[in-house]
Every structure is written in C-alpha cells, then in structure tokens.
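Sequence order for the protein chains is D and E. Just so it is clear: in the first sequence, position 225 is 225 by this note's numbering, and no numbers are missing. Just so it is clear: in the second sequence, position 262 is 262 by this note's numbering, and no numbers are missing.
Just to be clear, a hint being listed does not mean it is correct.
Identical copies carry no separate label here, and so any pair may be met within one copy or between two of them.
[As the list claims (entries may be wrong)] Below are the DMTMM-like pairs computed for lysine to aspartate or glutamate, each with C-alpha atoms no more than 20 Å apart in a straight line:
#	residue 1	residue 2
1	K106	D54
2	K36	E146
3	K9	E302
4	K9	E208
5	K77	D157
6	K118	E208
7	K245	D328
8	K9	E301
9	K295	E14
10	K9	D291
11	K77	D158
12	K106	D172
13	K77	E14
14	K118	D158
15	K285	E336
16	K61	E244
It is worth saying that the hints were derived from the structure and are not from the lab. Note that this is a predicted model, so its numbers are computed, not measured.
Number of protein chains: 2
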Amino acid sequence: MIATEKPTKMITYESAGVNIEAGEEVVRRIKPLVRKTFNPNVLTDIGGFGGLYDARFPGMKQPVLVSSTDGVGTKIKVAIDAGKFDSVGHDLVNHCTNDILVCGAKPIFFLDYFASGKLHVEHGVSVVEGFVSGCLENNCALIGGETAEMPGIYAGDDFDLAGTIIGVVERDAIVSRENVREGDVLIGLRSNGLHTNGYSLARKALVEVLGVGAKPKELNGETIGEALLKVHRSYLAPVLSLFEKFSPREDIHSLSHITGGGIVGNTSRVLSAGLGLDIDWNSWKRPAIFDLIQKVGNVPEESMRKALNLGIGLIIIADASKATDMIDHLHASGEEPVLMGKVVKR
Amino acid sequence: MIATEKPTKMITYESAGVNIEAGEEVVRRIKPLVRKTFNPNVLTDIGGFGGLYDARFPGMKQPVLVSSTDGVGTKIKVAIDAGKFDSVGHDLVNHCTNDILVCGAKPIFFLDYFASGKLHVEHGVSVVEGFVSGCLENNCALIGGETAEMPGIYAGDDFDLAGTIIGVVERDAIVSRENVREGDVLIGLRSNGLHTNGYSLARKALVEVLGVGAKPKELNGETIGEALLKVHRSYLAPVLSLFEKFSPREDIHSLSHITGGGIVGNTSRVLSAGLGLDIDWNSWKRPAIFDLIQKVGNVPEESMRKALNLGIGLIIIADASKATDMIDHLHASGEEPVLMGKVVKR
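Whole structure, please, built from the sequences with the hints as guidance.
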C-alpha cells in the first residue's frame with residue numbers, strides 16, 4: 001500500500017507552517033492592552049476557553065442583547081498595501097458599534113478574529129491595538145478573540161479580520177421602524193470618508209490607477225492611503241446624547257447606519273412599508289475623496305450612490321416637529337448635522 | 001494633475017467585482033433555513049442591523065454570559081480541495097459550543113462570518129446550511145452573520161469562516177480550575193477525527209502526499225478527504241447529562257476541550273498551579289487517521305501530541321471517588337469514556 005511504503009522526510013508541527021512561539025508572543029504582548037478594556041462586569045482573564053460577562057444588568061427591566069458580526073471588507077487590502085495594521089481593528093469596533101446603536105443598544109463586549117498566512121508578531125500586535133482603541137472609545141470590553149495562522153489561504157502579508165459585538169438595550173427603548181411616517185425628516189451625521197464600504201470600487205477606480213502613496217492636489221497634502229484609511233467614525237457619543245434629551249420612540253423614529261448599499265439602500269431598510277425617501281443630494285458637500293474616486297475612475301453617479309456613504313455615515317429619521325431642536329442639540333455636541341431630506345409616500 | 005487628466009474607462013460597482021445580486025440571492029435562500037433555529041427569545045427577523053435576544057433568563061439568579069470566537073483553521077483548505085462546503089460551518093458551531101461548555105455554559109445564540117473572493121451562491125448556501133445544522137444540534141439561534149466578498153484577498157474557491165457563540169451559565173455553576181487537586185482522574189470522551197485542529201500538519205504530512213481522494217486501506221473504504229472532514233463532535237449532550245447527575249463543582253473539577261495544543265496543552269490550562277498530568281497514552285486506541293498521518297508523514301510523536309487530539313476530544317477532570325459512577329453514566333449515554341490518567345503534583 002502506497003501509504004506506508006515510502007515515508008517522506010520527517011514533518012513536524014513547525015515545519016508544517018505553524019509557529020506556536022509567535023502566537024504565544026502575541027498573546028503575551030497584547031494581554032496588558034486588552035486588560036485596559038475590562039470593567040467589573042468582566043469575570044474572566046485572558047486565555048481561558050470562554051469570555052465571561054455578568055448578565056444581571058441592574059436597573060434594567062427587560063434587557064435585550066443586540067449583537068452584530070462584521071468584517072472590514074477590502075479596506076483590509078488598502079491597509080496591507082499601505083503597510084498600516086493598527087487602524088482596521090478600530091474601524092471594525094466602530095462599525096459594529098454603529099450597527100447595534102441604530103437599534104438603540106450600547107455595546108458591552110467585543111470578540112475579534114484575526115487570520116493570516118504566517119503570523120507576524122508586530123502585525124498581530126498592531127491589529128489588536130486597533131481593537132483595543134476601538135473598545136476603549138466605545139466603552140466595551142475586548143473579552144475574547146482568535147488568532148489563526150492559515151498557510152495556503154492568505155498570501156504574503158494578507159490577512160482578514162472579523163469582529164462580533166454584543167450590546168444591551170431596554171426592550172421599550174428599542175429603535176424600530178414602526179414609528180416612521182410620511183413627513184419625517186432625515187438628519188445626516190457626517191462621515192470622515194468611506195468608513196468600511198466601497199473599497200472594491202475605490203481600489204479599482206483610484207488605488208489601481210494612482211497607488212496608495214500618491215498625493216493628488218484634491219486631498220490637500222494627504223496621500224490616497226491616508227484618506228482611504230481614516231477610521232470609521234463611531235456615532236455612539238452623539239446618538240447617546242440624543243437619547244438623553246429625545247425619546248427613542250416618539251422623537252427618533254428610526255436610525256440608519258450607512259454601510260454597503262449606500263444612503264438609499266440602508267435607509268430604505270428602516271422604513272415601514274409604503275414609504276420612500278426624498279433626498280436632496282445637494283444639501284451637503286461630499287468629502288474630496290469621493291469626488292476624486294468619481295473623477296479618476298469615471299464612476300457613474302448611480303454606482304457612487306450604491307457603493308459609498310458619500311459623506312453621511314448615520315441618518316436619524318426624526319419627527320419633523322423636533323428637527324430644529326435636534327439639529328441644535330447635535331451642533332452643541334460638535335456635530336455638523338445635515339437636514340438632507342424627508343420620508344414620503346411611495 | 002494626473003488625477004483628472006486621463007479618466008480611465010468607466011468603473012461601476014459591479015465591474016469592481018462586487019456582485020450585489022449574488023449576495024441578495026444567498027440571503028433569500030438562507031432565510032427559511034436560518035429561521036428554523038429561532039425560538040421565542042429571538043426578538044428579531046433576518047436582515048436588520050443587529051440580532052436581538054431576550055436577556056431576562058427567568059429562573060437564573062446570577063446569569064453570566066460566556067462567549068467564544070473561532071475559525072476552523074486550515075480544515076477549510078481540505079474542504080475546498082474536496083469541494084465540500086456544507087460541513088465546516090457545522091464544525092465551527094460545535095467547536096464554539098465545546099469551548100463555552102467547558103465553562104459550564106449552554107449556548108443561546110451564534111453569529112457567523114463568511115468571506116470569499118467571489119461569492120458563489122451554491123457555496124454560500126451550503127456554508128450556511130452547515131451553520132444551521134450546528135445551531136439545531138446545539139439548540140442555539142443563528143441570530144446574525146456577514147457574507148463578505150473580498151476580491152484580492154481570497155483566490156479561486158478559497159474562503160474563510162469565523163463564528164461567535166454566546167451562552168449562559170449560573171454564576172455558581174461555572175466550572176473553573178480552582179477545585180482541581182492531586183489524585184483527580186482524567187476521563188476522556190472520544191473524538192471522531194481531527195475535529196478542527198492540526199490540519200496544517202495533516203495537509204503537509206498526508207494530503208500533499210496522497211491527495212484528498214485516496215483510499216488507503218487503513219481507512220477501510222473512506223477517502224482521506226472524508227476522514228479529515230468528519231464533523232467536530234459537540235459534547236453538549238453528554239456533558240449536560242453529567243451536569244444533571246453530578247455537581248459541576250464538587251464532582252466535576254474541570255473540563256478541557258482538546259483543540260490546538262493537544263491533550264497536554266489544553267488540559268494544563270485548566271489545572272491549578274503546582275499540578276501536572278500523568279497520562280497513560282496507551283489507554284485508548286487512536287482512530288486510524290492519526291496513525292496514517294504519523295506513518296505517511298513520518299511525524300515524531302511529540303508533534304503528534306502537540307498538534308492533534310489523537311482520539312480524545314474532551315476531558316473531564318473528576319473527583320476520584322466519583323469516577324466509576326461517572327463512567328457508568330457516560331456509557332449509558334452512548335459514550336465510550338476512557339480512564340486515561342490522573343492529576344499529579346508537579
């Protein structure tokens with residue numbers, strides 16, 4: 001039988017491409033960073049099989065867990081091209097935070113997945129530093145994670161990330177679509193760039209033409225890599241501040257996080273049946289990076305709107321009678337809100 | 001400025017490699033499958049920004065959430081080679097279930113991440129079918145997920161998966177290492193193969209030599225691909241059955257899920273300081289696939305023990321006085337438990 005007659009040269013765990021020492025070194029170096037995100041609700045230490053979190057939620061009557069999993073899409077390829085490993089983890093925590101925030105939930109903990117072909121200690125530590133920054137910004141504990149070494153799947157310095165966030169909301173404070181009605185206004189909060197969507201388009205239209213290091217005059221001294229790698233904004237602070245002053249049901253009828261699918265795709269998902277959007281596309285100025293993508297790649301406006309947030313990262317669908325108060329409140333929190341349209345009958 | 005002088009041919013969202021229709025088709029087809037995993041605690045429907053789960057846990061005094069994130073490592077490469085996409089998702093749910101089960105927790109919900117270079121509808125649906133099978137087996141809801149299309153990261157039919165499980169345990173039923181003492185016995189529950197660890201070694205030592213389609217006589221008619229792709233066992237049923245009859249503190253002193261690092265690596269993590277393991281490596285017969293890997297790849301025993309579970313997937317560290325009762329109980333549940341060693345002073 002062939003299987004036994006001709007043994008190959010000796011194969012060990014290490015010669016098969018798995019570097020246990022690198023994995024242990026990453027864990028050693030990230031431990032003190034990760035511990036900075038802990039709070040008294042975290043009942044565990046790093047390195048156990050599972051992350052433990054106290055689920056009593058004192059003061060809440062009907063706590064509801066809200067969870068979301070995501071990746072950063074091909075923004076990761078821009079990070080790899082630019083040799084910048086410390087921001088994509090932060091992007092991912094902020095992205096996930098916004099995804100549960102639009103249900104009304106505050107994040108409590110996060111878990112990360114980081115996979116590469118060959119574990120490079122410095123890259124691994126940088127990636128986790130990004131997760132830690134994101135968790136500190138959004139006040140959630142980095143309670144677990146997995147670092148996978150997968151030779152044969154990821155080439156060169158390529159890697160991928162996934163993250164899962166868990167948050168909690170009082171059941172009667174869940175923001176849902178059921179209160180949206182004709183005449184509600186759309187108040188947009190500004191993005192600082194592409195956030196984490198549309199990078200396949202941006203790479204094809206811009207990066208493959210000019211490269212990440214180019215400094216086109218439209219970007220005022222920034223490179224394309226810098227403009228594309230700006231960290232996805234978290235809207236936790238301005239939205240929580242709104243929740244303190246306005247009712248998440250009567251005043252705030254719905255919230256929309258602008259990700260893949262763009263402004264219309266994402267906001268249509270949070271309308272009741274029979275309603276549509278009337279958007280004034282000229283009511284805000286798009287950040288320069290969007291015009292550059294459109295110009296260099298000769299991208300039709302329809303694709304721009306489908307793939308990109310175009311400068312608006314989160315939309316509040318508000319009762320029209322509260323619009324002025326809400327906009328004033330957002331200005332006072334340092335935002336530059338945009339009254340960008342309204343809900344109409346379809 | 002170069003950026004504006006020479007527009008390239010028109011780039012659209014679709015020509016950049018993102019196929020929105022394929023993504024929508026996958027969602028349409030998986031919806032009825034995913035819904036089968038729901039229960040009255042799931043307060044959401046598929047397609048919202050976040051998955052909602054009732055966190056009141058009636059009857060529990062101090063509920064603690066236990067969570068874990070993982071991937072299936074390079075087992076995914078074997079699945080790709082064999083063109084089999086429906087089992088790795090099931091592997092992942094079972095793996096995550098075991099990871100929180102060893103803390104004493106029962107799974108409540110799961111979220112998946114599935115990334116490929118170009119979304120192939122049939123592959124995507126198969127992968128989610130695997131997640132659904134795993135969630136049904138472990139009685140947890142598939143509450144969220146992300147399907148990412150990442151041209152430039154994943155080549156050909158390559159893809160990657162990550163999954164996150166959330167479970168719950170009563171605080172005073174958490175299984176922890178603090179009760180382990182000298183003289184405790186190790187009771188092993190059998191694995192059905194490599195589960196999800198050691199595939200870089202197995203591929204190098206076996207797959208690259210013989211191929212996934214080979215049928216070496218040692219495997220009794222099975223192909224190498226079939227033997228390597230057996231679904232990671234979930235130990236939820238036998239361990240919950242133990243919890244009903246034996247105290248998760250006084251009788252069951254610790255539990256160890258045998259993943260990367262092998263029997264010694266994983267079980268050492270759940271011992272108190274100053275204690276070690278005395279394992280009788282001849283107390284069970286290894287499944288044929290392990291002997292084949294060792295023989296064909298000429299793999300030293302030390303690497304075998306570090307990388308592979310060698311036929312034992314979960315270890316119960318039990319009070320010696322309860323060992324016989326526990327083994328009898330496990331036999332009655334259909335297990336073939338192995339009394340494989342004991343805890344010693346180091």
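Mind listing which of the numbered hints don't hold for this structure, in increasing order? Per hint list: zero violations.
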